[in-house]
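K.L.:
Listed below, chain by chain, are the residues.
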Amino acid sequence: MGELRVLFEHRDVPGIERMDVYESVGGYQGLARAVTMSRADVIGEVKTSGLRGRGGAGFPTWIKWSGIPADQPTERYVVCNADEGEPGTFKDRELMLRLPHMVVEGLAIAGYATNSSTGYIYIRGEFLESARAVRRAIDEAYARGYLGESVCGSGHRFDLHVHMGAGSYECGEETALMSSLMGERGQPRAKPPHAPLPVISGLWQRPTLINNVETYATVPHILARGGAWYASMGTERSKGTKLFSVSGHVAKPGNYEIELGTPLEELIALAGGVVGGDLKAVIPGGSSVPILTAEQCRGVKLDYESCMAAGTMLGSGGFMAFNDRTDIVKLMHVTARFYAHESCGKCTPCREGTRWMYRIFQRITAGQGRPEDVDLLLSICNNIDGRSYCPLGDAASWPIRASIQRFREEYDYWIEHGRSPVGDDSVPGIG
Amino acid sequence: MASDLVNITINGTPLQVPAGEMIIESARRIGVEIPHFCYHPRLSKEAGANCRMCLVEVASPRKNPDGSVTLAKMPKPQTSCSLPAGEGMVIETETPAIIEARRGILEFLLINHPLDCPICDRGGECPLQNNTLHYGPPTTRYVEEKRHLPKAFPLSEHVVLDRERCIHCARCTRFAEDIAGDAQLGFLKRGADMEVSVRTGEQFTSLFSGNTIELCPVGALLSRSYRFRGRPWDLMTQKSICTECSNGCNIKLDHRAGRFVRVNARLNEDVNEEWTCDRGKFGMDYLSGPDRLTTPLVRRGNRFEAVGWDEAIRRVAEELGQAGRKSAFLGGIRSSNEDLFVMQRLFREVLGSSDLDHRVGPSFDAEPVIGVGQGQVARAPMSLVELEGLSLFISFGCDMAWEQPMAYLRVRKGWRRGALTIASVARHGTAEDERPSSLAPISAVRVRHDEGGELQVALRLLGEVLRQGGDGTAVPAELAAKAESAVTEQGADAEAVRRLALTLFEAGKGASDGRSVAVWIGEAARTNRQLPDILQTLSAALSAAGVHGVVQVPAMEVNEQGARDLGIAPTWLPGYEQADPAGRNSAEILAAVAQGDIAALWISGLDLATRYSDPAAAVRALESCPFLVVTDLSLTKTAQMADVVLPVTSVAERNGTYTNVEGRVQRFWKAYDPPAGVRQEWRIAAQIAARLGTEIHYASSREVLADIAARVPLYAGCGPDALGDGGVRWASALAGEVGR
Ligand SMILES: Cc1cc2nc3c(=O)[nH]c(=O)nc-3n(C[C@H](O)[C@H](O)[C@H](O)COP(=O)(O)O)c2cc1C
Ligand code: SF4
Ligand code: SF4
Ligand code: SF4
Ligand code: FES
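Protein sequence lines correspond, in order, to chains P and C.
For the first sequence, the positions run 314 to 744 when this note's numbering is used.
For the second sequence, the positions run 46 to 785 when this note's numbering is used.
Just chain P, same shape as in the assembly:
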């Protein structure tokens, strides 16, 4: 366990973002092998690897791939979710910037495996440099025949397009992303049991595969070195490695690739340890997942199951460590502001509830809290959770509910004293 570089093996090689260097370290071998196999065998390899989606939900990748009706005469689409809007997460940005060919290669394999001839990379609008790198990689891949008319001479056609988002977190939700890609308002669409899955009816009502950047970037390695090799890493049910974006009060914030199942403390150590005080709390998987107290962090392993058992989630791998100068109420104020700002407005609980919670946090941190506010916040969380149209509403309620359950005394202090329990120089600041 510990740091294990698969995706990042050559991240620091100068020029790795360019075709020649990428090929020289074994790039496009996965694609070359894939096109010699049957589609079913490619998906079989992904199945053997045990790869699960890296976008947050950890859904088995092969199930999605095999859900695409590859024999139907209709058009099919492959979409890469590069919207990366989850606070605390910045791994996809670096993957695209440093290793764009790995992403392109993964998408080309997915196109072959699902018999799709068109792919879209939906990139967060702020990621201009990453988008440029991807754009250049696509051009290079066309020039070498990895994209276009006949991928690696296989006769399979695959075209790849870049689409820039316009600045909405919700557009990372897969159905909202598709609305946005089709030129509509960035709002989610119905899913089962109300409507078919995107693999049956997605973009323009056609079968559509959508995965995260990191998910696609993992696939070339699986195809090049075999699913069994990939499955030999990680834990029983969380196979392989995962990128973590470590931020907060650590000495060396940045992206780290570790084997799934690595102890949480080890990741903090990799990032140089906690600075500016002792560890107070960790949000291990992006702002949408429940916060852990330092106490709760002890002995937790970073894999899907262990995180669940510890009362949080692995999520997107946006790992945030907080020292004891952190004011949890202010942290949640910032979080609540984010979700109120990003709520798309479609459904009642999220549209109204996120704004209401933000207002209450504003009041509490202005010293105007009332004793009943904490229970009110909990009640609002309950009224959003499970009743919103898409998971953004749930994600807005989980961190706040967890913070109240785990740091209630800090709320009570704010309400009683009208000031921070941590002192005037607490973090984060509230802009």
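Simulated from the structure, these hints should not be mistaken for laboratory data.
Mixed in with the good hints, there may be bad ones.
[As the list claims (entries may be wrong)] With a Cα cut of at most 25 Å, we get these calculated BS3-like pairs of lysine-lysine:
#1 C:K90 / C:K191
#2 P:K504 / C:K191
#3 C:K108 / P:K360
#4 P:K504 / C:K121
Values in this document were obtained by computation on a predicted structure and should not be read as measured data.
Using the hints provided, position chain C with the ligands relative to the given structure of chain P.
P.N.:
Coordinates of chain C with the ligands only, in the frame set by chain P:
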């Protein structure tokens, strides 16, 4: 597939429903009402399921690896408005968790709602009020500042938007996109800042904007004319028919203290579904207009004198009696069937005149409907529902959304389903090309021609059809020759007409029994003097292309179809029986008036002096008319020229029937008493007949209608007991169809 039945259980009651039916609908079958805001069966589910009010608990059967089946409860409650029924589903709608969920949703909806119910038009008929009363929390826990936005923001001359009251259900935006097709409303911004809006600098000029007022589940979209004019509980409602066009929308006429207040749509699946257009929704104020006449007027020199009915009737009877055969009747397209039937009896039976005409366009001799086929039923106008199922609809000089609003919605609906192709033929610069509500943008073929070029287009079409292998055996040689020479001529529209011909052949292909093509002729083409030739050419093109279709000149005014059916025409009697001797048409009548050959003219419900195709000629003729009597609601320009003006009742003040564009005889009911001094037109006609010594005796409108049904075979199935609330199409009744 959709007709497969599945077994589900709702609140312990097992029932069978069509697979895929939304659970909210299934629940209604057993009397379980699930509260909702955004759900509407006619609006798309894509942008729906957003209010989250209709949550229910769901368990579905799940197969275990060992083959056994267990009921698995879904972890989250589901919106019943978007949940399709599946085999074995078990639904609970009244569990503690659901009751709590509803309370939570209502609390969210109310935190930013201004709760200004006491000054809100919607108060008293507001789904938000009602649901809050039944399911809501008793008090609020919200102490923050509410959202503040401008009140009563004008979206158009008809509609204002109170953004503070909006609950973001997207009913209005979905209506604009799905039904009206103009997509003029959308959402701006996001989260709690999201707001309904028109595009910057635009107005809500849709011809169907009024429907959004009725769809809005709160008082956010409001009618400017109704705003602050009444509380729902003070209003009385009567079933009525819109008088503003021939489509005959079923409406609820709201009134108060003997005055008209507003129009709402009344459900009729065969006619207007639950819509109205803005012409009707906002056009009926005239019913209680300030210019209503309330007493008969008789000319004394240069001015009118108010007189009693006895004197007025005596005077008109005297003049008509003296004129005898030299009396004539024009108009009647806004009168009821009962009025028209008695009126034509007065003229034909009592006065011995056949000079009646309801048509005031330049092309008088055009057949109302040209069916590709023969006989009486071929004259039957097609049904509105039938429009949805066509494979090709050709709008020919017809600004459909304006002239035939409900037919427009039907055509659009068929197009949205994907099986209906639309073609549009119109003059350059037609209003249709500028309008937000229009068939033009969704037409597969668009032919645009110069002023007066209709016949040329029709000939070109026929020529193309013949060239492309159409069957010309039934086409008269002379017509075929003209068509051939039209094709050889150069013209900007040549390519478009060629494509139209191809589309016509295409539409003829897989079509089975029913009519697959319809050509609707609109006002622009109706005013072309060559209309008879245009009609003949178009129907020749249809039959040469081998399609089963109809070329139709749809009625435009509220009872124009009734005037056709009941023989307000010189050459046919009620039921299209041939008139013998034939009388003169409106052009001939006016010419005869000018020559002194007609001594008394009666004009009903028609401002001939402004509406006649040649207004100056009409005015000249009327000026020289020895005796002119006008029946109308107000003193129109024509009425001002009359010798006697007789004020008549409005649609709100009596019972009666109109026949709509599809030949559906529909009843309307008296909402309130007429002003004293106003009479029903047929009673006036009967009283005049009596004065002239002939009893045309009916006790009521109902008796008149019964007599029509007894005497006119066409209307045999449309007697007073057959009509019900939704009316009967005479063509369906003749064909023995039930229900429609
Ligand atoms: C509000 C919201 C935002 C999301 N943002 C992202 C994102 O930025 N990137 C991403 O890959 N997945 C995001 N997701 C998850 C996607 O909906 C989807 O599950 C994912 O793209 C599937 O890819 P995977 O199977 O490879 O994980 C988001 C989900 C929600 C509800
Ligand atoms: S939960 Fe509702 S309002 Fe929030 S982002 Fe999803 S759909 Fe939009
Ligand atoms: S204006 Fe009315 S109909 Fe439109 S979204 Fe708001 S509440 Fe719904
Ligand atoms: S379509 Fe015609 S009948 Fe219907 S509301 Fe409009 S004007 Fe009235
Ligand atoms: S009625 Fe079902 S969500 Fe609005």
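K.L.:
The structure should be examined with respect to each hint, and the outcome stated for every one.
P.N.:
The hints, checked one at a time:
Taken as a hint, the K90 (chain C) and K191 (chain C) pair is broken in the structure, with Cα atoms around 30 Å apart against an allowance of 25 Å. A C-alpha spacing of about 33 Å is found between K504 (chain P) and K191 (chain C), which places the hinted pair above 25 Å, so the restraint is violated. Between K108 (chain C) and K360 (chain P) the alpha-carbon distance is near 23 Å, which keeps this suggested pair within the 25 Å criterion. Restraint check for K504 (chain P) and K121 (chain C): the C-alpha separation of about 13 Å stays at or below 25 Å, so the hint holds.
The structure shown violates the earlier hints numbered 1 and 2.
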